[in-house]
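**Student:** Okay, here's what each chain looks like letter by letter:
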Amino acid sequence: MASKIIASTVRRSLSPKLLPLIRPLSTAAAAAAAPAEPYDSSAGISMKGVKISGRPLYLDMQATSPVDPRVLDAMLPYFVSQYGNPHSRTHLYGWESDEAVEAARAQVASLINASPKEIVFTSGATECNNISVKGVMHFYKEKKKHVITTQTEHKCVLDSCRHLQQEGFDVTYLPVKSDGLIDLNDLRNSIRSDTGLVSVMAVNNEIGVIQPMEEIGEICKEFGVPFHTDAAQALGKIPVDVNKWNVSLMSLSGHKVYGPKGVGALYMRRRPRIRVEPQMNGGGQERGIRSGTVPTPLVVGMGAACEIAMKEMEYDGKRAVKLKDRLLNGIRDRLDGVVVNGSTERRYAGNLNLSFAYVEGESLLMGLKEVAVSSGSACTSASLEPSYVLRALGVDEDMAHTSIRFGIGRFTTEEEIDKAIELTVNQVEKLREMSPLYEMVKEGIDIKSIQWSQH
Amino acid sequence: MATPSRSEILTLFRSLLRSARQFQDYNIREYTKRRTIDAFRHNKTLSEPSSIAAAFSDGQSQLQVAKRQAVVYSLYAPKIKSIMDIKH
Numbered sequence: 001m002a003s004k005i006i007a008s009t010v011r012r013s014l015s016p017k018l019l020p021l022i023r024p025l026s027t028a029a030a031a032a033a034a035p036a037e038p039y040d041s042s043a044g045i046s047m048k049g050v051k052i053s054g055r056p057l058y059l060d061m062q063a064t065s066p067v068d069p070r071v072l073d074a075m076l077p078y079f080v081s082q083y084g085n086p087h088s089r090t091h092l093y094g095w096e097s098d099e100a101v102e103a104a105r106a107q108v109a110s111l112i113n114a115s116p117k118e119i120v121f122t123s124g125a126t127e128c129n130n131i132s133v134k135g136v137m138h139f140y141k142e143k144k145k146h147v148i149t150t151q152t153e154h155k156c157v158l159d160s161c162r163h164l165q166q167e168g169f170d171v172t173y174l175p176v177k178s179d180g181l182i183d184l185n186d187l188r189n190s191i192r193s194d195t196g197l198v199s200v201m202a203v204n205n206e207i208g209v210i211q212p213m214e215e216i217g218e219i220c221k222e223f224g225v226p227f228h229t230d231a232a233q234a235l236g237k238i239p240v241d242v243n244k245w246n247v248s249l250m251s252l253s254g255h256k257v258y259g260p261k262g263v264g265a266l267y268m269r270r271r272p273r274i275r276v277e278p279q280m281n282g283g284g285q286e287r288g289i290r291s292g293t294v295p296t297p298l299v300v301g302m303g304a305a306c307e308i309a310m311k312e313m314e315y316d317g318k319r320a321v322k323l324k325d326r327l328l329n330g331i332r333d334r335l336d337g338v339v340v341n342g343s344t345e346r347r348y349a350g351n352l353n354l355s356f357a358y359v360e361g362e363s364l365l366m367g368l369k370e371v372a373v374s375s376g377s378a379c380t381s382a383s384l385e386p387s388y389v390l391r392a393l394g395v396d397e398d399m400a401h402t403s404i405r406f407g408i409g410r411f412t413t414e415e416e417i418d419k420a421i422e423l424t425v426n427q428v429e430k431l432r433e434m435s436p437l438y439e440m441v442k443e444g445i446d447i448k449s450i451q452w453s454q455h
Numbered sequence: 001m002a003t004p005s006r007s008e009i010l011t012l013f014r015s016l017l018r019s020a021r022q023f024q025d026y027n028i029r030e031y032t033k034r035r036t037i038d039a040f041r042h043n044k045t046l047s048e049p050s051s052i053a054a055a056f057s058d059g060q061s062q063l064q065v066a067k068r069q070a071v072v073y074s075l076y077a078p079k080i081k082s083i084m085d086i087k088h
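Heads up: the sequence lines are chains A and B, in that order.
Counting from 1, one number per residue, gives the positions in the first sequence under my numbering.
Counting from 1, one number per residue, gives the positions in the second sequence under my numbering.
So here's chain B without its partners, still in its complex pose (with noise of 0.2 Å):
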């Protein structure tokens, strides 16, 4: 596919960061936000048109994944939330 644009690669960052909002269990949450996160600053750097293009369709993968597991994660989440959840 043709390498993305910049406004693309960040919706792609923003629905990311989206779908982790809605995991109910904290760890996985901060695990997906943090990933997301890491993940692009990490790719910043690339230049080639082809590493871009790679980098992209993995994340959009990881979206959908994302996007379903927090439809799974949510329908059986505990009643009871995580200690780090209700403190603070």
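The shape of chain A in the complex, shown without the other chains (with noise of 0.2 Å):
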């Protein structure tokens, strides 16, 4: 009787305290819990260079979004526990992991009005686009040598276009007007008899203009072409409906829709059949289109993701648009010379591209490490290059230069976009100030007109 008053008064001074003292089991999970970690401390984060006070507010929700603890909370059980490979017919593990992903299959339909039988999992939206542009090419090659496409796709279907026109098919790149949409004159105008397939995103990376899907989708549907889109950034933030689009073919990502990363889907239609040759050769799986083990757990995540996002696709939209407004209200309120990237109309509201002018580019992303914003895309910004979907929309070399995409996502506040706000102002502020060609404004002067002298 003594011995368990001892044991629960034990128990009751140490219960508080057991959430820190979980220690690694191993030295191995020791090693793998430290890694290489910036050199922080109470000051803050210093890495590259940069000394910041805390970790920066987000906002750059087209290069990735935030894991949404639901999925996380749905992708758990198949790391622990459920662990089996979906494809072992012969046991409980490969029962229960393939009645997930059958499951996470059907989720995902049903978010673009597909069937599941109509979905392929894959490692993400590139190898979707890889599938789509090359494996439809070359399964049609003896009787299809075109491709059309935008010169505004995300780098992995122009890579593969030119891919292709290195084997010998010939590729079309529609030009897009200034505000980014494509002309569909342009388009009518350029379908041959042997395209075998035209691939437009649905929503830019980039810009967030949302192409004409469903006008699009009738010129292909009365030529008899089949129509590729890459819908990575518009699954989950505007109704994508493969019938109304007649899509033949659509590439879905897992991480732009607050899924985990490394996954994906390809949506391919039934009737008419579209078929592809298989870029990963292997055992079979995913119906022989794409071989190799399906990541149960990420496939988990992504169906959660998509549930989620229907359900809230109402109520992120709505917030996205108000968040927005407040954004570009609050910096042109206090700045001038700023300029929307892009369609103001036919554009998603979570997407948001301005050129500031009179500013120089890599300079005003250096003064904002409190924000995580890019200029350019992801995949462009490792080049010097101004990105080329501004260049494709006529934007000038100088403007194109100081374009900053804040991107406004689910968990994003009214504090961060008002703190963003500020910091961007500063920026801008301080910079012109310090600029002679914004004095030479100020004065009247045009600067077109200016002859440089060279020296």
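If you are wondering where the hints come from, they were derived from the structure by calculation, not from laboratory data.
Remember, it's a predicted structure, so these values are computed and weren't measured experimentally.
In this text, a Cβ means the ideal position worked out from N, Cα and C, and glycines have one as well.
Fair warning: there could be bad hints in the mix.
[Said to hold, decoys possible] Below, computed lysine-lysine pairings styled on BS3-like, alpha-carbon distance capped at 27 Å:
(1) A:LYS261 / B:LYS44
(2) B:LYS79 / A:LYS318
(3) A:LYS141 / A:LYS261
[What the hints assert, rightly or not] Far from chain B, by Cβ distances over 12 Å, these chain A residues were calculated:
(4) GLY283
(5) ARG319
(6) LYS369
[To be verified] Covered, in the sense of this in silico footprint (three residues per stretch, anywhere, with C-beta under 8 Å from a C-beta of chain B), are these stretches of chain A:
(7) 67-80
(8) 124-138
(9) 412-419
Two chains, two separate frames, one set of hints: put the complex together.
**Tutor:** Shown next, in the form of structure tokens:
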């Protein structure tokens, strides 16, 4: 009896401190738990020569989105206990894993109004784009030699088309108007009798414009050409319907809808059936289209993310519009010379791409270290070139260099927007103060009329 | 299940807001708070008992998810907080 009282007192005194006492149980875990960390102290983080007092606020939703806690909750059991290979037919682990994959497939399909039999899981939208562009053209290469795409497509589509060009196919890159939309007559006139594929992305990742999908789908149906769209940025944000859009192939990405990275899905129409040559050969998983073990936890995460997106699309959409208006008006109230890149009407509100005149882009970004934003897209920001998308819009080089892309998402708050406005406006004002070009503009001199002397 | 009483609904509301406070991550915390308030406000006008019961049980399962994830997120919370938590 006394021992019980002692035991309970000991337990009560220890329990509040239990969580911090969790120690790694092996040296391997200890080594894994301490990767090369940036030098951080109570003064903040210092990394790559930049010192900030706390983690930046995240406004780069087009690059990737944080995993929703509800998605993580759905994924964890498949990492912890239900870890079977969904293709194992002989035991419970395989059966429960397969059940989870099929449930996720249905969740993804219902978000785009497709049948689960038309969904193939891949490693991401880049792989889906590769399968769509190269797979379709290689399958139909006897009769079809021509591909139509746009100049503002994602790098993976453009690179796949370049690869096809080297193999001898013809590719037409449709130009875009200054608002980022393609001209439907251009598309109609480019279609030939040997056109095998039209590929137009639904929502652009850099400027956020929404292409006229239904009209393009109608034109493709009229000419009998398969229509592929990269809907990675569109999924869960605008209503996506494969029948209204008349698409034959659609690329979807997990990590843009608050799901995990490393998973995507390809929609392939069954009526009329579109055939592709597989890019990953192996055991014939995913109906032979994409061999390789289907990663159950990631796929379950993508399914959960799609289900949440279906429920939250209206709420998130309204919020995105409200926050975008707050951001744009907040910046425009205090600064002039702010240009929105891309159409203002046909646009997804969560993607705001602004150019600030008379300001240098690199220095603007260097001063905005407390806000995580991007200029150009993550794919092109390694090189010094201004984004090819902005160049295709006809934006001047200097304006293209100062473009900043603000990505608003489900978890963005009003305070974050206000802080982003504050930081951006301060930085732009500071840079413009130092800029002789801006002084000249203020005096009324037209910059384009200046004859720069050559030494 | 039977239609939940007013006090049960209020208890669920308070539990959800309490679990929101447990999140160390600024964005998730604010989202959970905001979404709870907006969802309860939106469902205030529901009159049919079956839809009230459905919304209530959905809220209960969301509470379970929030409780679990608050623990998981606290296990892996970064040492440096978000700028939004430091400045104000």
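**Student:** Which of the listed hints are broken here?
**Tutor:** Hints 1, 2, 3, 5, 6 and 8 contradicted; others consistent.
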